[in-house]
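Chemist: Sequence:
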Amino acid sequence: MMLKKLMKNPSFIIGFIFLFGMFAASLVYYVGWGDEVPKLDLLKNEEGELLSPPYSPVEYPPLGTDNFNRNIFLLIIVGAKYTIGAALVITLCRVLPSVFMGLILHFYLKPFRRIIDHMVDAANYFPPTLLSFLLLNWMMLDGPLHHPEGFPYDFTDKTIFYLIILIMISLPSLTLLFTNEYDRIMSHEFIDSAKVLGATKRHYIRNHIRPFILPQILLVSIREFMIIMLLIAHLGVLNIYIGGSSLEVDLFDNPFLASLSHEWSGLLGGWWQFLWTTYPWISFIPVVFFTLTILSAKLMLIGATQVVETLMESSIEEGSAEETETTSLKDKEIFQLVKEAK
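Each residue of the sequence shown is one higher than the one before, starting from 1 at the first, in full-length UniProt numbering.
Treat the hints with care, as some may be off.
To be verified - In silico lysine-lysine, DSS-like type, Cα no more than 27 Å apart, as pairs:
id	residue 1	residue 2
1	Lys298	Lys4
2	Lys298	Lys8
3	Lys5	Lys298
4	Lys201	Lys110
Keep in mind the hints are simulated off the structure, nothing from the lab.
The whole structure should be built from the sequences, with the hints applied where relevant.
Modeler: Take a look at the structure:
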């Protein structure tokens with residue numbers, strides 16, 4: 001039911017089409033061309049004179065070329081699946097465990113709730129970007145640069161480590177978020193009726209918590225996706241890339257820290273230096289695509305929120321009606337027993 005309503009919501013559909021389109025286009029390019037982005041030959045102007053790269057979007061549409069004279073549009077397409085895919089994996093691995101850990105904290109660890117609350121609240125004051133940078137710096141940056149020959153970790157190892165760190169830093173706060181949501185759900189009036197009737201924890205979870213928490217999982221997941229995209233972009237500026245980086249020499253014989261996967265944070269971090277050159281437009285291209293992706297997720301969030309609010313209202317009404325009916329039947333049974341006893 002919720003999926004059908006989401007598919008009819010224009011805001012959700014517009015955002016979904018952009019995200020799915022970028023991800024699908026990147027996968028298609030990988031299947032067809034193996035993520036290869038060749039260097040272009042030198043271009044000539046109308047007078048037959050050679051033009052010096054990198055080329056602007058006017059000289060080589062749609063997005064021009066970079067400092068290796070590669071097609072920027074293809075680099076963006078290649079990096080989309082790594083950037084969006086990593087954000088999706090991190091989102092799922094943050095949210096789903098937090099849902100279950102929140103249940104455990106709500107039902108079984110109430111004596112420790114206050115201590116956990118204080119610890120998580122204190123940890124939230126530490127910037128996640130700085131924490132991620134401190135934990136990832138040696139593995140992703142310093143180690144490979146200082147020990148390029150004997151560094152024991154490859155692209156896969158560094159990618160897994162990157163994902164694990166970005167997942168772990170937010171698990172405590174998300175767990176507490178869902179625990180608070182369970183507290184709010186259990187404070188509804190129809191929960192009191194269920195308690196009177198002797199409902200078990202399993203009954204609460206299956207019949208009362210699940211209808212409310214499933215829509216919230218969707219909303220929290222979209223919000224987390226947006227937060228993760230911002231975090232990935234910030235780490236890119238600090239030269240922390242998904243899968244690590246390698247030191248290369250560009251067209252100008254300058255050392256350049258290049259992303260191994262061409263994901264967007266690597267493009268952002270590598271091209272940031274062009275803000276202070278005659279090619280500033282190169283720096284803004286990954287920023288634009290990060291922005292479009294986050295705005296697409298925001299549109300999905302707006303649409304999903306509209307749908308969820310409608311479903312939540314109907315769930316509360318159904319829950320209240322169900323418990324009222326059950327209580328009424330129980331009262332009738334008691335009345336019948338008393339009447340028979342007389």
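Chemist: Are the Cα atoms of Lys298 and Lys8 separated by 27 Å or less?
Modeler: holds, 17 Å
Chemist: Please verify whether Lys5 and Lys298 have alpha carbons no more than 27 Å apart.
Modeler: holds, 17 Å
Chemist: Check the hint pairing Lys298 with Lys4 against an upper bound of 27 Å on the C-alpha distance.
Modeler: This hinted pair holds, its Cα atoms lying about 19 Å apart.
Chemist: Does Lys110 lie within 27 Å of Lys201 when you go C-alpha to C-alpha?
Modeler: holds, 14 Å
Checked against the numbered hints above, the structure breaks none of them.
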